[in-house]
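Engineer: Sequence:
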Amino acid sequence: MNEVIKENKGNFSTIGKSSVWIMIVGIVFIAANLRAPLTSVGPIVGLIKDEMNISNTSAGMVTTLPLLAFALFSPIVPKLGQKFGVERIILGSVVFLTVGIVIRSLSGATTLYIGTAILGLAISVGNVLLPGLIKREFPERIGLMTGVYSISMNLFGAIASGVSVPIALGMGFGWKGALGIWGILSFISILFWLPQMKHRIVKRETVHKKTADSHVNLWGSALAWQITLFMGLQSMIFYVLVAWLPEILKQQGLSSSQSGLMLSVMLLALLPFTFIVPVIAGRMSGQRSLVTITAFLFVIGTFGLLYGSSNLIILWIIALGIGGGFAFSLSMMFFGLRTRNAQQAAELSGMAQSIGYLLAAIGPTLFGFIHDATNSWTIPLLILIGASVLLFIFGLGAARDRYLGTVQQ
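The numbering of the sequence shown is the numbering used here, which starts it at 564 and goes up by one.
Honestly, the hints are just simulated from the structure, not real lab data.
Possibly wrong hints are sitting among the right ones.
Calculated pairs, SDA-like style, for lysine to any residue (alpha carbon to alpha carbon, straight line, at most 25 Å) [to be verified]:
1. K813 to V726
2. K761 to V591
3. K739 to Y676
4. K739 to S670
5. K813 to L944
6. K813 to S621
7. K739 to G816
8. K813 to M734
9. K612 to Q814
10. K612 to D935
11. K612 to G737
12. K642 to G968
13. K612 to S822
14. K739 to K813
15. K642 to A721
16. K642 to I747
17. K642 to S784
18. K739 to N616
19. K642 to S621
20. K612 to A721
Sequences and hints are given; from them, build the entire structure.
Structural biologist: This is the structure in structure tokens:
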């Protein structure tokens with residue numbers, strides 16, 4: 564991490580090295596909140612459904628609502644950051660996140676949905692603005708810092724998924740306690756982010772001078788769409804696997820506990836590559852080889868689930884997990900690598916995550932519908948292979964060494 568400080572000391576010449584560390588710690592804590600409040604729901608959704616006496620469809624909305632909030636709110640976030648300052652908007656989002664977590668954990672179906680919607684809107688701010696913030700503050704270490712915040716986000720997401728049931732049942736806190744406990748993390752993150760307000764005005768003026776004439780029509784850019792579709796497809800693949808992998812494996816003869824364990828293995832296999840891949844990608848002029856590896860892992864893993872030996876299931880699961888780590892990391896890196904400044908990165912992030920999470924919200928429902936119609940996972944898995952091929956095609960375009968707004972895009 565000393566390399567990060569060394570490379571960025573010029574960026575912080577007015578505030579000193581200590582503030583670089585404060586920024587890094589702040590980013591780590593903000594990132595830690597971007598998945599944990601969501602992944603904590605899945606393992607205890609049955610408890611929520613039983614206690615609230617709601618249908619499977621209604622219970623599923625607890626997972627779908629945040630994704631819809633991401634899709635709807637993401638395009639607006641960059642404009643808010645530009646108008647009011649990125650640091651201030653991020654601080655406000657973590658405050659709202661804490662409020663949303665508390666409301667979600669109160670009694671009643673109404674507060675469950677209202678709180679879920681609020682925290683979804685709050686998380687979308689961090690999703691969109693962190694890549695641009697890293698582009699601005701660590702322009703020479705985008706890969707390293709993207710890895711740092713990605714590993715924090717996914718690590719806490721995995722932890723939240725693993726501890727929900729022990730907290731709810733083992734410790735006797737119930738589903739409300741298991742979901743509400745993450746308000747402690749978000750409150751602590753507020754305290755770690757407050758120091759960024761001190762230097763917000765200086766940073767905002769510097770960024771404004773650099774981005775005054777940098778507007779690009781993203782919706783008319785082929786490169787922006789290639790990045791957006793790459794982001795969308797990897798989101799859809801990931802959330803489909805998270806939602807349905809245990810059911811797919813149970814149909815192949817695994818028990819409920821074994822299939823749940825395989826999902827955990829997939830998420831753990833993903834973790835180290837969310838740090839390694841951004842560092843490698845940041846040192847490359849183009850990332851086509853990494854895109855190729857990503858698509859290959861997805862295709863091999865899915866094909867293995869379809870036609871491979873049941874004795875090798877863990878290998879197919881690990882391939883899917885590593886592929887997910889590659890895909891997520893590359894989608895985050897493209898926001899910084901294919902743009903010229905922080906505002907462009909934030910706007911591209913907003914566009915890509917809007918489309919991406921819309922696909923992520925639709926994917927699990929669509930795949931479930933196809934399974935119900937065919938009473939088989941064969942067609943859904945074949946569609947997943949097709950999505951992996953499209954991911955490869957769009958990824959090759961997104962991985963070329965170029966910037967938004969250039970003629971050759």
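Engineer: Give a verdict on every hint.
Structural biologist: Verification of the hints:
| no. | hint | verdict |
| --- | --- | --- |
| 1 | K813 to V726 | holds, 23 Å |
| 2 | K761 to V591 | holds, 19 Å |
| 3 | K739 to Y676 | holds, 13 Å |
| 4 | K739 to S670 | holds, 8 Å |
| 5 | K813 to L944 | holds, 15 Å |
| 6 | K813 to S621 | holds, 24 Å |
| 7 | K739 to G816 | violated, 33 Å |
| 8 | K813 to M734 | violated, 29 Å |
| 9 | K612 to Q814 | holds, 23 Å |
| 10 | K612 to D935 | holds, 21 Å |
| 11 | K612 to G737 | holds, 12 Å |
| 12 | K642 to G968 | holds, 19 Å |
| 13 | K612 to S822 | holds, 21 Å |
| 14 | K739 to K813 | violated, 29 Å |
| 15 | K642 to A721 | violated, 31 Å |
| 16 | K642 to I747 | violated, 29 Å |
| 17 | K642 to S784 | holds, 19 Å |
| 18 | K739 to N616 | holds, 15 Å |
| 19 | K642 to S621 | violated, 33 Å |
| 20 | K612 to A721 | holds, 22 Å |
The structure shown violates the earlier hints numbered 7, 8, 14, 15, 16, 19.
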